Amino acid sequence: MLEVRGLSKSFGGIHAVSDCTLGLRNYAIAGLIGPNGSGKTTLFNLVTGLIPPDRGEVRFLGKRIDGCPPHEVAQHGIIRTFQLTRIFPKMTVLENMLLAPPRQTGERFLSLWFRQGKIRGEEARNREKALHLIETVGLSHLKDQFAENLSYGQQKLLELGRALMADPKMILLDEPTAGINPSMIRKMIDVILKMRESGTVFFIIEHNMDVVIALCDWVFVLDNGEKISEGTPREIQNDPKVIEAYLGV
Amino acid sequence: MDFLLHLGVLIAIYTIFALSLNLEVGYTGLFNFGHVAFFGIGAYTCALLTLQRIPFEVSLLIALAMAGFWGCLLSLPSLRLRGDYFGIATLGFGEIIRMIFQNEVWLTKGPMGIPGIPKPVLFSYRFASLPQYFSLTLGFAVLTFLFLRVTLRSPFGRVLRAIRDDEVAAETLGKNAFRYRVKAFVIGSVFAGLAGSLWAHYTTFISPGDFTLLETILALLIVVLGGQGTAWGPVIGAVLLILFQESLRLLRLPAEWTRYLAPLQQMIFGALLVLLMIFRPQGLIRVKGKGSHA
Amino acid sequence: MAFLFQSILNGILAGCIYALFAMGLTLIYGVLNFVNFSHGELIMWGAYFLYFLMEKPLGLPLCAALLPALLLTTLLGVGMDRAVFKPLRKANALTLLIAALGLSFFLRNAAQFFYGAEIRTYGFEIRRGMRFWGMSITVNQVAIILTAVVCIVFLYFLFHRSALGKSMRAVSDDLELARVVGIDSKRAILSAWVIASALAGVGGILLGLDTNLQPGMGLINLVKAFAATLLGGVGNLWGALFGGIIIGMAENLGVLIISPGYKDAIAFAIMVLMLLLRPSVLLGRGRD
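Chains as they are written, first to last, in this note's numbering: chain A, 1324 to 1572; chain B, 868 to 1161; chain C, 332 to 619.
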């Protein structure tokens, strides 16, 4: 599904990602772990087009997407969340959700004037779906609140819900459980497991090993920008290379 | 009574101008400080064409198209810029356009200006008298308000607001931020051109000195006074500002004082803008949204 | 051919002045991460303060009036920061920009209020220039170039050889980090304003000496300063110097080809060109 080959990116002498190669095939939920600074978020940024790679390829469903701007990557079907949530602060929870579906007719300026009926229909359908998802993540009582008024954990749930709303083929989650309390973590795990049933593929950066074990079918380990190991959660937990990376030097 | 109608016309015209700026600044987050350029392009185009005996309806449409065209042209290179840079680029553009009005005497009669702009005739109805002109401008103001309201409440408007709030997040959801910005800018420019055209036909005489930074400052003041990113904000702001600006005329001060009065008034505008930004940047109108701002 | 050399000379002259503007602008940008839209008015008031001190009732001669004029300009600059920009340190970019624009508008009209919109000069007679190699240059113009050079040399020593310079560079790189490490950011910021205002003041006076004074001179010089800053790389002090010289040259060589009415537009055109061709120049200090 997603293939990364020889991907490299340096920032002024620091090799953030170094000749990284990995492939996500049929795993429903894959994990990406590694010590701080190992290049996980940079890898996400490279895949989603936020920064251009120095070298290497990224292929999604066979098509090359490295070098594509972020909105094109999203249109290919990859949606991501951010380590520090990026919700739209001055828009309500519901509006945040309604933004997500791709290729809405109402988003084209000219269509506004000539396709009122179609737009109304789409909006109604999207609204229904949004309300359903808002309920799934447990934010129904907040649907008309400005997103900036939500707690951090609630914002993370909103970001997840919004990503799901975009009907993606693959979701990249960047530390979805960082900085939120255990009950929220439980909620998030539940939502992800539920969505796995509908066929969405997840690729998750995580530090919390409990979450990784609970969710992931397969885990990739990065250290210093390189992939040093991959396997099931159990396998990489016992992998000496991984242990050394977390403890060592 | 005539004075009230005069106020009404000015309020209507400035409302259109401010609404268009609000679309760009308040809703899409574009720091357009050269907005007056499109006001001027609309004014000159419409004036020059109607003086050539071209019917008002056609002249107006062409003026709008010109404003939109130049808006597109300016925005393509500059919209890739980060906020402050875009601000300076548009500021500079406003000045350049004024220089063009001043220097291209063969076209615009330069500093001597264009006198005798005829009263508009729309669908065989001549808007010559003051009440008639008031209804014309009021009509256009209402149309502008409704048009922009529909636009901003639509999914399209939603994307604009998202881009304003967090462009990166919008992009990662598949929205091509650049394209939306250009569209917002062009729409804003078209309506600025509308305001300019109406203004030219009202004052019947235009010259390059009418299209300076002052106009943009006034529009900005209107927008922030009323509340950026709200629908009624610019309207309220326009009413307040025009009332203030024109009320000084009522005082009938001696002529020698005007030399001091104009800059003094503008100093007040400048100071007001600063004070507003420090103490109440969200304007006079609260944006509805359950609970106060964080 | 002599004509060409003369234009080049004029270009260097103007360029020195623009360099001073640009360096001040980029200094503030470096330390506070915003483009001060009122910088042009600091330039303008610098020139007007000297005028104020030299005309009746004070009637000071040029030498006596220079330092007080610079002092006043510095006070204005620091005052601007204290009154307007300090309360807005944490505000978003748009608020800051609009405030700066409003401030610039206020200052420009204040000049017009006190001095009217007419063009004024310092009243020095136009002396015959010294001639060499077919070019003409007046004593004033030599003084202008010398002054600019002195300022630039002084800046160099300040920035690269003093503790203050070091702390300013640290703050410029990363304000939060500098604070954490214990660098007195308040002092660095104050110093930046003092220096930037002084540069603007000197530049404004030199410009007034070479040309004339009018309330609107701030705006167009802001655009030129900004263009120079872009050329040299935003936040880069020496780049600003380089950019200023280029703009000065481009203007004076450009009017050999295009109509003089558009002289001021040349800087803008260069800026647009820069933005089109080298957008990477802008990403230097972006947030994100």
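Wrong hints could be hidden among the right ones.
Stated by the list, open to error - In the DSS-like style, the derived pairs of lysine-lysine whose C-alpha atoms are separated by at most 25 Å in a straight line are: (1) A:Lys-1452 / A:Lys-1492; (2) C:Lys-417 / C:Lys-387; (3) A:Lys-1441 / A:Lys-1452; (4) A:Lys-1413 / A:Lys-1466; (5) B:Lys-976 / C:Lys-594; (6) C:Lys-421 / A:Lys-1413.
Derived from the structure by calculation, the hints contain no laboratory data.
In this text, all values refer to a predicted model and were calculated from it rather than measured experimentally.
**Pair hint Lys-421 (chain C) and Lys-1413 (chain A), alpha-carbon separation not exceeding 25 Å** = holds (18 Å)
**Request:** Given the hint that Lys-417 (chain C) pairs with Lys-387 (chain C), test it: the Cα-Cα distance must not exceed 25 Å.
**Result:** violated (36 Å)
**Message:** Checking one constraint from the list: CA of Lys-1441 (chain A) to CA of Lys-1452 (chain A), max 25 Å. Satisfied?
**Reply:** Since the Cα atoms of Lys-1441 (chain A) and Lys-1452 (chain A) sit roughly 17 Å apart, the hinted pair holds (cutoff 25 Å).
**Request:** Mind checking the alpha carbons of Lys-1413 (chain A) and Lys-1466 (chain A) for me, to see if they're no more than 25 Å apart?
**Result:** holds (13 Å)
**Request:** Take a quick look at whether Lys-1452 (chain A) and Lys-1492 (chain A) sit within 25 Å of each other, Cα to Cα.
**Result:** Holds, at about 17 Å.
**Message:** Run the distance test for Lys-976 (chain B) versus Lys-594 (chain C): straight-line Cα separation, threshold 25 Å.
**Reply:** holds (20 Å)
Hint compliance for this structure: hint 2 is the single one not met.
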